[in-house]
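Colleague: What follows is each chain in one-letter form.
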Amino acid sequence: MAKLSGRLQQMRAMREAAEVKRTVGETAEVEGKVLHTQEVPLPWPGWSAVAPYVWKRSLTLPCPLETQHTEGLLLEDSSLLPNLVFYDFETTGLSGGAGTIIFLAGFGSIKGEQLCVEQILLVDYPGEPAFIRALLPYLSSEKLFVSYNGKGFDRHMLLNRLRIHGYHTADMPHQLDLLYPTRKIWGKSLKRCNLGRIEELVLNIHREDDIEGAYIPECYQEFLRSQDDGCMRSVVAHHVQDIASLAQLLFHIEKTSVNPESLDDEQARLGLGLMMLPINEARAISLLEAELSAGNEAAGRILVQYYKRRRQLTKLRDVLARMRALRAGYFQLIETAKILEHIDKQPKLALSLIQPLLQQRALLSEVHFNELQHRLRRLERKTSVL
Amino acid sequence: MSTNDTILEKLKQDPQFSSQVSRWHTLPMREGTYSPIPDDLSHELQGLLSARGITRIYSHQLAAYQAARRGEHVVVVTPTASGKTLSYNLPVVQTLLEHPEMRALYMFPTKALSQDQQSELNEIVLGGALPLKVATYDGDTPQSLRVSARESGRIVISNPDMLHAGVLPNHPKWIKFLSNLRYIVIDEVHTYRGIFGSHMTNLIRRLKRIAEFYGSSPQFILCSATIGNPKELAEQIIEEQVTLVDQNGAPSGEKHVVLYNPPLVDAVQGIRRGVVLEAKNIALSLLRRNIKTIVFARSRLRTELIASYIKKAVKNMYTNNEGLRIESYRGGYLPNERREIEKGLREGRIHGVVSTNALELGIDIGALDAAVLAGMPASIASIWQQAGRAGRRNNVSIAVLIASAAPTDQFLVQHPDYFFGRSPESAWINPDNLYVLIDHLKSAVFELPFSEGDTFGKTLSPEEIEDLLAYLQEAGTLRKSAGRWYWSGKGYPAEEVSLRTTSPRSVVIIDTTGGRNEVIGEMDVPSAKELLFPNAVYLHRDRQYVSLELDIENLKCYIKESQLNYYTDSVVKTDIKVLEIDNSDAYPDCRVLSGDVLVRSQVAKYKKLKFGTHENLGYGDIHLPEEEIHTRAVLMAFEDATRAAAAMEAVNPEIREHVIAHIGTLIRNIAPVFLLCERSDIGIAERIKDPFTEEPTIYIYDTAPGGIGLSEGFAEKRMLILKAASEVLSQCACEYGCPSCIGPDEGKTELNKKRAVIEFFKTWLDEGLTAEHS
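Read top to bottom, the protein sequences are chains D and W.
Every position in the first sequence, counted from 1, becomes a number in our numbering once 650 is added.
Every position in the second sequence, counted from 1, becomes a number in our numbering once 107 is added.
Hints in this document: simulated from the structure, not taken from any laboratory.
Some hints here could point you the wrong way.
To be verified - Below, a sample of chain W positions facing chain D; criterion: calculated Cβ distance under 7 Å:
1) Y425
2) D471
3) A474
4) L686
What the hints assert, rightly or not - Covered by chain D, according to a simulated footprint, are these stretches of chain W (three or more residues, beta-carbon under 8 Å):
5) 328-336
6) 561-575
Unchecked claim - Some chain W residues flagged as far from chain D (calculated, every beta-carbon gap over 10 Å):
7) P276
8) R432
9) G583
10) R586
11) L646
12) E785
C-beta atoms are modelled at their ideal positions from N, C-alpha and C, and glycine is treated no differently.
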């Protein structure tokens, strides 16, 4: 066998040839040359080295008391405030896996009128064990970790890194992931719900000179290669804003839950109602009732399902009546007919109620039309027997 | 004497049939060799076995059990229906029962096989009575079941692709499983050859590395069909000493293996009656005698064709199709369709099935009485596996092997002794193929950083590893810091690597006839350049198309239906540059060199050949970028004072170039039989005066970049291959050369080139064999 190194030489030559082809006309880049910077870099001003390759800093941001709304929706009460940890990680890749690591961790907590943010930065791979060690004090199971998509991403990243470094992962902080409630409220109207869009369109935060999340991994590699901190500084600033936004978003959702009219979008109000239904029924029902009264049929549909499940017949009849008053739509007529047929044992009434729907045939979907015919046939059979 | 015997007698006496039989071989009935159930087996397990009526086991099952329990890595060589699964299930289940924390990983080459295996483990071996959770983990496993498979699966059934892209890159999620990994079972290990096998070795290197990180050192049990080198292959794949268990103790009924060559239709051009119709006729005559029959066809299309012909022949509403139910079976059917057919076969409701090799591997369809092979599969190992689908323990069975016009088929049917002797095919792999190795090294670094001095497998030195890591570092994929290499590339390296091919890029073929826009197939880029160049006539499922545009950049080819009276054949111009020679031996017949080469191939022209007569109607130009691969090659140089040089001297100078080209074609046709590979896995180039050796030279090279060991394999088996080639040639019935031997004669001279090639071989090999063998 030819020497492996000989073959490697050949591959290098082929690669270089290909690169030359690609970069014709452009300035030749020196990228790809190995930099032998083996000295441990020194921390930036305002940061301190807690271990070789691991830097840390603390910042305080204003967080006035009057903005700290807790209305018992996602947070039971304000006594939980000191337990909250707003957290976010920046990683070397976006698809996870054992080769993706966390290089920047941030934890924010509320102290009086301030949001204290601590950031821990890994400035090169060899520091990772120390970096992970530096995270441990934050990971108490008494804390409530607030994140945006933390359940889907950050939490798994953290567990992966802890396991690789041999730590137990049994007693982890509880998670409150704001992505889910946010998506329920604004998902329909905003389509995409990344934090950036929510900041712009909901929280009214406008970032300037911000780096786009997708470029962050590349930016970090660039920083490792060249030790040029320009782009890393934007990453670190971006990251602080992410954590501050988390706090704002949480309080905003809390506030909105008692103040739904502040949502000027009907779909968002419905979304809020749906979101609250499993956690704060009273608030959700009163919101949906109000929406129905304002003429929102979709709110009525949610209420019908809700009252049906709870077997609250009087409420159910009332909602259906209000819906019919709005419009003789398929849903309300069929639902009413079901009550007439099965509970009131009035197939004739049911039949006469839904027969006119046949005239709306053009408006009905295939499924609805078939369903309707089926129901009509059954009712006809029942009425003829009577 | 059973009914089968009388039917076989009848078949034997049928003059039309028997005149085409080149060998009727009878394997006598064999009694089983049994051993008592091992004493150290737990009571529960013994109870389960006896509940299934098993009171003793086959000798090879015991041998495998004992070796595994001694802690040795084992490879069990087993023909079909010899109780292979028990060979590994016994030691694994017993050990897992003794140690409740331990886990096992079972790997099968396909998803279908893993599902089959899970039901076997669940229903039969365990019967639900043992506290062992068996879980399948593959691409079809729903997200909701994945967590429990990882957390509590004691035996996890998966496949290499899943291990490569799913498990290893996410190993922290598998910490519980990997840190307790005790056994790894690799079934159908003979399928891990060529590029797939080369990937497999590297995958195992990665798995062992991660297992070691979590503190486990799993033991391997491998199973292989009969191949020439099961132990070597197993040792190459797991890079450990392996104990070979190959004394089969299972009984088998009398078995008739019949080699059948369809009659010649045109002796001059060497054209024989087609395999499809022959297979249909033979299968029908068996089915009508109430013999349960499986037909294996070499392509999906042929599978459908044969099945439809048979169905048509028995179609009769008055007799309920003569009481026969026949189905076709191939990849691309829905899983439940497949399960239904498998069940119908097991339960006897389906009498005949026509299948691709999808049914060749261990899927349980019960035993059938007859197998008809419509054309020989690519390897002798496969032939035996397919033939083995017929045969019950206590009954006579028959396998009819129908040869197609393909040169390898013709070789086998005309050389029954070669076929019935022990399979000489060995599986070749090349784990240190630079391309494969680099791909896996990237994944390995992604999984865990490398330190200076770390190893990867057993064939490479730490310095070589460092060399490779430095190369990846230059490319920006890795970062070295404080003596360790870390992954610093984008994304997920395993995602970019397919274990089954070297070039994952393939062209989508789009039919645009009459405004249609329908994808009808796919083809890898190098083949597309040879077959789908603009104006190429492309045949697909009995239809004829012409290629309109080949867009390599966007991987699309547009075609439309056509009615041309010719087909096209591209002329590939191959330019080979020798990069480094690492071995050179002078033999009496020629000089043999091996080394690294750079193969540049360009499809520059094409020929238009008339259907039927193969008459050359003219040439056309092709403008496509060239392909360049760095690979391994063997050179046979006809250097002065060798017999090859003397043989060349005797050839009329006018046709020397043709003769060497024909020799190349012949070698390319025959070598795959010996190298356990596809025809497209090797490339041949002939030079009447080679710029490097300055002699007439034939190059045989691996077409996979970096090589998969086939050139080395060729060098080793060279004399066998050349001798076989010479025999095929002299026994081929054609006059001037045909696709079954040296390829059709297209030259314009009066000289008979086939004769010249025969003469050449006579001189070239005559004394060579005895000299080399001594």
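Colleague: Broken hints, numbered, in rising order?
Modeller: Those not satisfied are hints 1, 2, 3, 5, 7, 9, 10.
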